[in-house]
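Colleague: One-letter residues, chain by chain:
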Amino acid sequence: MTKFIKGLVLAAVSAATLAAAVPAYAQTEITVQRFFGTCDADFGTNTDVSKSAGECGIITSQINKFNADNPDIKVTVNSVEWPGYDQLTAQMASGEPPDLVTMHESVISDYQSKGQLEPIDDVLKAAGIDPAAFTAAGRDGVTKDGKIYALPIDSHAILWHINLNLFKQADLINADGTPKLPTSVDELIAEAKQFKEKTGKPFLVQATANEKAMFTRAMYIYLNQQKSDYFADPTKINLTTPEAKKVVQMMKDIYDQDLTTKDQDYPAMVAGFANGDGGVEVNGTWVIGDLDTLSKQEGNPLSGGYTVYPLPQLFGGEPSYYSDGHSWAMPKKDRSPEQLAAIGKFLKFMADDDYDWSRTGHIPGIQAVLDSAEFKALPHRDTILSIASIAKALPSAVQRQFAIQDILGEEVASAVTGQKDIDAALADAQSRINDLLANL
Amino acid sequence: MAETRVQNIVGRTNSDRIILALTILAALVLLIPIMWVVGLSFKLNNDLKIDPNSVFRLPYTLKNYIDVISSSSVFRWLLNSLIVSIGSTICILILSSLAGYGFARLNFPYKNIIFIIVLFGLAVPEQAVIVARHQIFSFLKLHNSYPGLILPGLSASFGVFLMTQYFKAIPKEIDEAAMLDNASRFRIFWKVLLPLTIPAQATLGIFTFLGAFNDYWWPLISATKKEMYTITTGIASMQMNFAQTEGLGFLMAQAVFAGLPTLLVYLFFQKYIVTAVSGSAVR
Chain A
5 MTKFIKGLVL AAVSAATLAA AVPAYAQTEI TVQRFFGTCD ADFGTNTDVS
55 KSAGECGIIT SQINKFNADN PDIKVTVNSV EWPGYDQLTA QMASGEPPDL
105 VTMHESVISD YQSKGQLEPI DDVLKAAGID PAAFTAAGRD GVTKDGKIYA
155 LPIDSHAILW HINLNLFKQA DLINADGTPK LPTSVDELIA EAKQFKEKTG
205 KPFLVQATAN EKAMFTRAMY IYLNQQKSDY FADPTKINLT TPEAKKVVQM
255 MKDIYDQDLT TKDQDYPAMV AGFANGDGGV EVNGTWVIGD LDTLSKQEGN
305 PLSGGYTVYP LPQLFGGEPS YYSDGHSWAM PKKDRSPEQL AAIGKFLKFM
355 ADDDYDWSRT GHIPGIQAVL DSAEFKALPH RDTILSIASI AKALPSAVQR
405 QFAIQDILGE EVASAVTGQK DIDAALADAQ SRINDLLANL
Chain B
340 MAETRVQNIV GRTNSDRIIL ALTILAALVL LIPIMWVVGL SFKLNNDLKI
390 DPNSVFRLPY TLKNYIDVIS SSSVFRWLLN SLIVSIGSTI CILILSSLAG
440 YGFARLNFPY KNIIFIIVLF GLAVPEQAVI VARHQIFSFL KLHNSYPGLI
490 LPGLSASFGV FLMTQYFKAI PKEIDEAAML DNASRFRIFW KVLLPLTIPA
540 QATLGIFTFL GAFNDYWWPL ISATKKEMYT ITTGIASMQM NFAQTEGLGF
590 LMAQAVFAGL PTLLVYLFFQ KYIVTAVSGS AVR
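From first to last, the protein sequence lines are chains A and B.
Take 5 as the starting number for the first sequence in my numbering and just add one per residue.
Take 340 as the starting number for the second sequence in my numbering and just add one per residue.
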């Protein structure tokens, strides 16, 4: 009996030792930080990406799917208030940055120049992602000093979202049903006046209050159209030029002649356009999906009458445009080989699923998706596809592009709304921006 | 009763009536945004996307509140905010009372100089020390922790100043009477003087609670992990790019939830808030 008990104890100890020796099933954990808001009520548990919509819905579902498909990896999501760079900077200062972070390509230089981002060439290579697969705009946006610093997932730009129902009422429709788009500033003013005369509404629906990015991005587009090399030296902007004055003068003329909505902020602009307050909403690629959905519903001002085009070529010359892009960047920190492999796997998943991301309305960051019939079949992509080949970002060596955007937007808005003389506003913008760049 | 009310109105002077009318107007101005938020929270997101003015029309829905309860992190963030706010309030009341008593009643070397140094804290804005503070907390590995959120608020010059002034206003004869009864210093502080400072404690407590509950900047850069967000940074993180255009009803339902503790504090302690605002807490 004693022998039996001894044997039993020995067996139990052996079993316990063996159990302890077998490694527990370990998950590799990585933290990804992103903006785009949260939408847990609608997509918190959704893993079918095809059923998601909107930036938040799609990215939430993508990460859910990645987690479901990769039980050996746990992706923890940290959602931050847009754009989240104050928080990221604080995290970097405290040595606790996330493993991956959503980053505008225009911001990469700020962090890369301080050595706060890791080049990801090796991670991409190990994961089987060839940077040659990126679009030219995407590759330019994430390449600094010959190295890749992020995975580009899109290019985005501002566009003219058009209410075709009101355009019809204003006799601004071509025989083929497309909207008549101006080809010069004079044509634009004439069309806008005709629109107002026939519909009683302003031509443009714009955010002129508490909104800086739209004016700046439009400014870049129209300066590019005039081949104005406003950042010939990436450490200095040149805005005291006839080209810049022409653009602001045009914006001011539209404002002074009541051809645009006034005193509206961004949400008011979005709601106003959906309500039929005007003919053209100046807004980004990211609202295409929402507006298209609205136009397919009955009983609203956009029903059966929505289309979207790039901002028209008003200043002659060759077509030119401005775009920025979203990307996944990898902050500098110590990581295990398993974590690096998990990051590579995550990036590969995002690159492979770039089509789903492009359903947001953005132009894909992966060339194969851009070329695919699937992408081209998405609503309205045919009219905006030209952006992919002509759009340029600011030179990658230009730092503090978000801050520059704010300064320029403020000064242009003050000129357009008559608070400042145009020359003074442009001179002030130039001096403030150059002061900023001189004191990095 | 009704007669008295009529008499009250009839008996007022014109200037009283103007003040009353302006007060009602001011109350309406303050109430309208709150009513707007509550109204939006009962509307479907899609309806608001098309027309925010649909808040004035049927149908209304409880969906946003159901979504908040079933799927949102707002309760976690609310809990974090309450822990930080209540923790800060308790600690500041203890520290300020002790310091206030010390400065008002005790004599020790360099007392006046130390008091002036404390008062300098009132003149130094948070922005001036934020980088150094962030570095210190990084070194101490205190970011993303409750102490990391509570400790910075404890250097409360205002609290020390308020309590010092309040203790100074209490007649010293009370202490002397207690001393004659052989009460120790701490016993005098704890049993005799502290109960007399309750109005000031309430004032300081309310201001501290509301300040900590509504704080945004420090939690934004210290609590960078989602599970450690406070209600202010958490709700901000839920907004899309170019905020407020999607999920507006849901966002407002969360804002209503987030505002409830503050509302309750106001409801239960309004007497002390009025005292505090009118300045009569400092005798």
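One should not assume that every hint holds.
[As the list claims (entries may be wrong)] Capping the alpha-carbon separation at 16 Å, the derived lysine to aspartate or glutamate pairs in EDC-like fashion look like this:
#	chain 1	residue 1	chain 2	residue 2
1	A	Lys-200	A	Asp-175
2	B	Lys-564	A	Asp-175
3	B	Lys-565	A	Glu-100
4	B	Lys-388	A	Asp-90
5	A	Lys-337	A	Asp-175
In case anyone wonders, no lab produced these hints; they're calculated from the structure.
Colleague: Compare the structure with each hint and give your call.
Modeller: These are the hints, each one checked on the structure:
no.	hint	verdict
1	Lys-200(A) / Asp-175(A)	holds, 11 Å
2	Lys-564(B) / Asp-175(A)	violated, 54 Å
3	Lys-565(B) / Glu-100(A)	holds, 13 Å
4	Lys-388(B) / Asp-90(A)	violated, 29 Å
5	Lys-337(A) / Asp-175(A)	violated, 59 Å
The structure is inconsistent with the numbered hints 2, 4, 5, although it conforms to all the rest.
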